[in-house]
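Both chains come to you apart, so use the hints to assemble them.
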Amino acid sequence: MTWQGPIEKIDEYRWRVPKSYKQGMRVDGVIYADAEMIEDIRHDKAAEQVANVAFLPGIVKHSLAMPDIHWGYGAPIGGVAAFDVDNNGIISPGMVGYDVNCGVRLVRTLLTEKDVQPKLRDLVSALHSDVPAGVGSTGDIKVSESEERKLLAEGASWVVKHGYGRPEDLDYTEDRGAIKGANPDDVSKRAYERGKSQSGTLGSGNHFMEVQVIDEIYDETAAGVFGLEKGQVTLMIHSGSRGLGYQVCDEYSKDFIRCLSKYNISVPDRQLACAPVNSEEGKAYLGAMKCAANYAWANRQCLMHLARLTFEKVFRLGPKDLGMDLIYDVAHNIAKIEKYKIDGKERTLCVHRKGATRAFPPGHPELPAKYSSVGQPVIIPGDMGRNSYLLVGTRKAEETFYSTCHGAGRRLSRTAAISACRGRSIGRELESKGIIVMSSGRETLAEEAPEAYKDVNEVVNVVHGAGISKRVCRMRPLGAIKG
Amino acid sequence: MKRYEQFPHTADIGVRVFGASLKELFENAAFAMFDIIADIENMTGEVTETFDLEAPDYEELLVSWLDELLYNFYTKQLIFNKFHIETLEEGRLRATAVGRPIGANRNRLKTEIKAATYSGLNIKKAADGYSVEIIFDV
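Sequence lines, in order, name chains A and B.
According to my numbering, the first sequence is numbered sequentially starting from 172.
According to my numbering, the second sequence is numbered sequentially starting from 117.
Check the hints yourself; a few may be wrong.
[Unchecked claim] Once the Cα atoms are required to be at most 20 Å apart in a straight line, the calculated SDA-like pairs of lysine to any residue come out as:
hint, chain 1, residue 1, chain 2, residue 2
1, B, Lys226, A, Ser317
2, A, Lys360, A, Ser317
3, B, Lys226, A, Glu614
Quick caveat, the hints were computed from the structure, so don't treat them as lab data.
The following block holds chain B by itself, in its conformation from the complex (with noise of 0.2 Å):
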């Protein structure tokens, strides 16, 4: 299954995200940001962080997974690209993130993203799976 592809939007960045699970959409959806953000491909992590978030549906807690991401990319400058989802259920997530320190890999940024929008934001099910579509303020 395609992890997530980019949708034309005029002035941000639209990602259509997949999963065959809640878990794996959620993983997915930070897979699709940092992709945007840096060249995350054959990069190998060396820093762990683990977050518990709460929030009163799945669309939320979605985007306050993302930014929190967000928020540990800019104050602790790691670029993140492994993303395991461990417990999810109603209001709140469990996981971990890796990643690498900036520092020397500055030259693998492309993309400064704001924030992960709440315009139009709805999970859908279908038989093989979720998808969810998410507008980045870039």
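Isolated chain A, as found in the complex (with noise of 0.2 Å):
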């Protein structure tokens, strides 16, 4: 399968789905890709899920894609819109996606790749049995259902009031860990039930959590504002809103094609369906996805408590000598509300990232107080045997909404990594290579293998070039836990 669509050059870095492709395109895609990958975006139909998305109401300059750009549901994964809300601009739960706030946050350690190989075997198996991982895991935090509305409302501060983490470690989570106006009103009492269970649980496919060690500094200035440099160990958990959240996106997609005729909307896929932000399906959606974000946040605060004290058991260290602190923790599905100046007024816009994240630049106010001088930290997981990067967001990312990628992206579906994969153990493979590697599903690491991925580095190599964020350094895995 080739897409056949027109895709025009505009520059070494930018590509445009001009929006005479199809009538009822609003505005131009614009995919950020080099000359090589843009021939790979056109094996599947990611670039007519960007032209779908420009269909949508009040969009906002163009509908843009990031290079790890792939096929999804709806949108496209590495998709970014912004929709104007005071002009019937629109929100869509297919646009966030099912695992609302899908996200990552990189831990710093205070060891070194030579104090943890002597027990990386340890610590992975360690990891692989204290974290529940896998389809239909449960979790440590069992709530009633009282005080798990409380958990949706306040977010990561909720968990680390009732002894998982550290305050700081809210400093130094995107929104503090509660994006503000969540309301449990808003969330189904089934959405309850499905996340009653689930906090505190990696999840299973791509989660995962990560022990990997800084292999490369490309600025010197911001890893030492983070605290990071040459050789030390890093741990990076990828996990996101549970059942709570896929439930949140289910519901409200089945609402909002309700909605498309009752606001006179016409969108080329149902998985796109919307409502204006403004409207009352639209904000009683915003309250609810808010909720399973908080969820989210709650989850990998969990997650990160559970990680700290498995360091702490293998290596026999106590909390000031293994300096597990947060570096940060990134959402990369999610719909925000945020200010942006357009044709000189300012404007209030719902920008969505699904499968993309957000990258605000040096001196935002929305930063925490220390990266204030070198802009915030993006996190970037790359595949299981190649590289993960640590990015800053810059002040030309205005031209993205602030937005950057947020991963690799696959290049081979699922089946087609299995059969890749097929009489080879992608364990041994890894394990060959010095990466020890523990899953819960039978097939996870074959559909996981790192040739099922676009190469990491070349992705961050365009977001690096375009200029929308910038390299601080990469790591390389040493060992890994997946769902």
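Next comes the structure, spelled out in structure tokens:
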């Protein structure tokens, strides 16, 4: 399958899907990629999905896609689009995704690769047994419905208050781990039901916890601000809002199909069902989505706490000696209300990032004071066998509503990955490179094999080259647990 | 007739489901979903759940049916492997599904499906029955 639509070169890193491509597109699509990637992007329907997002009412500037773009449902993964709230701009559950606030956090340690190597296998197996993961797993935190309502409103601070972590962790979490305006009344009983036993679980599929070592520093100043140097060991956690978020997206997607005729909106794919941000339905979804986002921050906070305890146990070191401080936590599936200057006027926009990361520039008021001089940390996980990155936001990223990529991006479907790996042991292949990986799912390692992903180095090269974020350091995997 | 086949989808799982009738299409779609979630071959059911769902059209009804089964899977911790659609008419479905508690069958679990999506959903009628492509978010 090759996508036959028009893609025009704007410059070395930007490509246009012109609005003349399909009747109904309100703006152009703009894809960030290099010449080689753009050929790869034609291999699935992702570019068509970029064009479909351009149909949505109130869209501002362009329907954007980051270089890790790939075929999703409704909107592409790697998609970014902003809608003018005061000009009939919409919000769409399908453009946020089922896993609301799927995101990543990066934790530093004071350990070096040399400290970790002799105990690496013990560490990975301890994480594998201490952190609930895999299909149908249940977590540590079991709370009543009234307590869960508090958790949804207070996010990560609720779990910190209950002993899972330290107050300063919140300073280094996007939105301090609780987006304001979360309304537990907008979350259905069924969503509570699906979420109630899953707090503190990793999930499955591409969710993971990875022990890494910093193998390259590109920006000494920024790395210094984050307290990072070459050879230092870090921990990365990737998880989301589990069943609660999925149920919220599912129910509101269904309701929003009804909104299409009510608000006279036409969409090329039902999964892009939407409603004006300012409508009753739009506000309710936003209230519920924020709850799901807060649940996800609580979840990652809880996972980090479990990991800290495991490190203490394996290395027989106290918290001070381990120095496991949170560097940052970012969402990569979310809609946010943010203000931008458009044609000289300040506008309130609903910025959707689906498989894309917010990347605020230096000096932005929402950054922790300590990071103000360097910009927001942007955490980019790669695949199990290659690298991950820490980037920072830039002023130039105003052109993408301060957004950048979120990962490597898949290039092979799961079935294609499994058949490419038939007869091989991915676990052993990684081990021969010194990487120890344990998973709960039987086929997870094949599905998540390095070759199933684009090379994160190339993806990061594009966002760095285009100037929408810049490299701080690169990490190399030592070991990981997968769902 | 083949009940379903997977087609390559980059981020998620795509299935093409077949059925001689609409009822069979709905049954096979549910089978496809649980065949992805777990190893359901040679599994005998012991719990029966009944379903009564409404939606404006067949496509939405299909997603509601699958999502309802998923909801039961996660909250009642049941793996289903047999499905029977009793009535299916424009807007309404009545069905039963037979399954077993996850409990001792945890080792059967394979893939976490987050939801059945509406993306590109279109039930097609051909000479020998029906088909539909469904994308599952995993």
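_Checking each numbered hint in turn, tell me which of them this model violates, lowest number first._
Hint 1 contradicted; others consistent.
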